[in-house]
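Input sequences plus hints: build the corresponding full structure.
Listed in order, the protein sequences are those of chains D and V.
If you're matching positions, the first sequence starts at 34 in this note's numbering and goes up one per residue.
If you're matching positions, the second sequence starts at 2 in this note's numbering and goes up one per residue.
Among these hints, one or two may not hold up.
List time: in silico DSSO-like cross-link candidates among lysine-lysine, alpha-carbon distance up to 27 Å [stated by the list, open to error]:
#1 Lys102(V) / Lys69(D)
#2 Lys55(D) / Lys102(V)
#3 Lys55(D) / Lys69(D)
#4 Lys69(D) / Lys50(V)
#5 Lys52(D) / Lys69(D)
#6 Lys50(V) / Lys74(D)
#7 Lys73(D) / Lys50(V)
#8 Lys73(D) / Lys102(V)
Pairwise CB distance ranges, derived in the manner of DEER restraints [said to hold, decoys possible]:
#9 Pro41(D) / Leu19(V): 35 to 43 Å
#10 Ser98(D) / Thr73(V): 35 to 43 Å
#11 Glu85(D) / His114(V): 29 to 37 Å
#12 Leu47(V) / Arg87(D): 18 to 26 Å
#13 Pro102(D) / Ser29(V): 32 to 40 Å
#14 Glu65(V) / Thr134(D): 12 to 20 Å
#15 Pro102(D) / Pro80(V): 46 to 54 Å
Residues on chain V that point at chain D, a partial pick, calculated with CB under 10 Å [to be verified]:
#16 Pro32
#17 Leu45
#18 Thr52
#19 Thr53
#20 Ser95
#21 Ser97
#22 Gly98
#23 Lys102
#24 Ala107
Please keep in mind that the hints were generated in silico from the structure rather than gathered at the bench.
Glycine included, each C-beta is placed from N, C-alpha and C at the ideal position.
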Amino acid sequence: ETGVTQTPRHLVMGMTNKKSLKCEQHLGHNAMYWYKQSAKKPLELMFVYSLEERVENNSVPSRFSPECPNSSHLFLHLHTLQPEDSALYLCASSQDPGINTDTQYFGPGTRLTVL
Amino acid sequence: AQSVTQLGSHVSVSEGALVLLRCNYSSSVPPYLFWYVQYPNQGLQLLLKYTTGATLVKGINGFEAEFKKSETSFHLTKPSAHMSDAAEYFCAVSLSGGYNKLIFGAGTRLAVHP
Chain D
34 ETGVTQTPRH LVMGMTNKKS LKCEQHLGHN AMYWYKQSAK KPLELMFVYS LEERVENNSV
94 PSRFSPECPN SSHLFLHLHT LQPEDSALYL CASSQDPGIN TDTQYFGPGT RLTVL
Chain V
2 AQSVTQLGSH VSVSEGALVL LRCNYSSSVP PYLFWYVQYP NQGLQLLLKY TTGATLVKGI
62 NGFEAEFKKS ETSFHLTKPS AHMSDAAEYF CAVSLSGGYN KLIFGAGTRL AVHP
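Shown next as C-alpha cells:
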C-alpha cells in the first residue's frame, strides 16, 4: 500500500448506530487531518493531529470523535449522527503541520450516508 | 477572515481549447496558494502550489497558475484541454503561522467535450 488509504469506502448507517472510519498513511508523515466534503459546501477542515496530538478542532460537534493512536493511523468515531452529516469524509497527511507550504496528501475518502 | 472564491461552478470546453479556471482569495496577508484536482471517486491530488518566488507556477499535466497580488488572484490555465482533464478543481489557501490549515473554494467542475 502506498499513500493514504481509507476504509470503508462506503458506509450507510442509522442515526442510532456507532461506526468508525479508518485512515492510514504510508508516507512517514507527522500530521494527519480530517475533512468533510458536502454536496453544496466547500471542503471543511474538521481536525488536525500533530504527532498523535490533536492541535485543531474546527468547532466540530461532539458526535464526531477523532482518535490518533500513532502517527500512521487516524480514526473518526461516529455516533448518533444526523442525516445532514451525510458527506464524503477525507483524510489527509503532511510532513509537518507547522509548515504551511507543505503539501497535504489525500485519501480517496469514505462516502457516508446517514439514514 | 480569509476566503477563497472560485468563479464558475461548472466550466465546459472543447478538447484542444484553452482551460481557464478562476480563483480569487481574500486575505490581509499574502497567502500560500494551492490548486488540487479531484477525479471521480478519488481523493484530492495536488496540481501545483505557490509559496514564494516566481509568480508563474507550473504543475503537473500541463497546468500552470499565476499569482497576481494586485488582483488577489491565482487563476489556473492549460493551453490545450484533454478529455482526461475532466474533473473537479479546487483552489485553496494557507496562511503563514499556526497550523497547516487549508481553506478551500467551492470547486469548479470542468467538462471537456470532443
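Outcome of the hint check:
Between Lys102(V) and Lys69(D) the alpha-carbon distance is near 13 Å, which keeps this suggested pair within the 27 Å criterion. Under the criterion of a C-alpha separation no larger than 27 Å, the hint pairing Lys55(D) with Lys102(V) is consistent with the structure, at around 21 Å. Annotation: proposed proximity of Lys55(D) to Lys69(D) holds, straight-line Cα distance about 14 Å (limit 27 Å). A C-alpha spacing of about 22 Å is found between Lys69(D) and Lys50(V), which places the hinted pair at or below 27 Å, so the restraint holds.
Distance hint between Lys52(D) and Lys69(D) is fulfilled; the C-alpha atoms sit about 16 Å from each other, no more than 27 Å. Proximity of Lys50(V) to Lys74(D) is assessed by CA-CA distance (about 23 Å); at most 27 Å being required, the pair is judged to hold. A hinted pair counts as satisfied when its Cα atoms are at most 27 Å apart, and Lys73(D) with Lys50(V) qualifies at roughly 25 Å. For the suggested pair Lys73(D) and Lys102(V), the alpha carbons sit about 21 Å apart, so the restraint of at most 27 Å is met.
Checked against the hint of 35 to 43 Å, the C-beta distance between Pro41(D) and Leu19(V) comes to roughly 40 Å, which is consistent with it. The given range of 35 to 43 Å is respected by Ser98(D) and Thr73(V), whose C-beta atoms sit roughly 38 Å from each other. With their beta carbons about 47 Å apart, Glu85(D) and His114(V) fall outside the hinted range of 29 to 37 Å. Checked against the hint of 18 to 26 Å, the C-beta distance between Leu47(V) and Arg87(D) comes to roughly 25 Å, which is consistent with it.
For Pro102(D) paired with Ser29(V), a C-beta distance near 38 Å keeps the hint of 32 to 40 Å intact. With their beta carbons about 18 Å apart, Glu65(V) and Thr134(D) fall inside the hinted range of 12 to 20 Å. Evaluation of the 46 to 54 Å hint for Pro102(D) and Pro80(V) yields a pass: the beta carbon distance comes to about 47 Å. The closest approach between the C-beta of Pro32(V) and any C-beta of chain D is roughly 9 Å, which is under the 10 Å cut-off, so the hint is satisfied.
Taking 10 Å as the C-beta cut-off, the interface hint given for Leu45(V) holds, the closest approach to chain D being about 4 Å. About 4 Å separates the beta-carbon of Thr52(V) from the nearest beta-carbon of chain D, less than 10 Å, and the hint is met. The beta carbon of Thr53(V) comes within 8 Å of a beta carbon in chain D, closer than 10 Å, and the hint placing it at the interface holds. Against a cut-off of 10 Å between C-beta atoms, the interface hint on Ser95(V) holds, since the closest Cβ of chain D lies about 4 Å away.
The beta carbon of Ser97(V) comes within 5 Å of a beta carbon in chain D, closer than 10 Å, and the hint placing it at the interface holds. This hint holds: Gly98(V) has a C-beta 7 Å from the nearest C-beta of chain D, less than the 10 Å allowed. Checking Lys102(V) against chain D by beta carbon gives a least distance of about 6 Å; that is within 10 Å, so the hint holds. The closest approach between the C-beta of Ala107(V) and any C-beta of chain D is roughly 5 Å, which is under the 10 Å cut-off, so the hint is satisfied.
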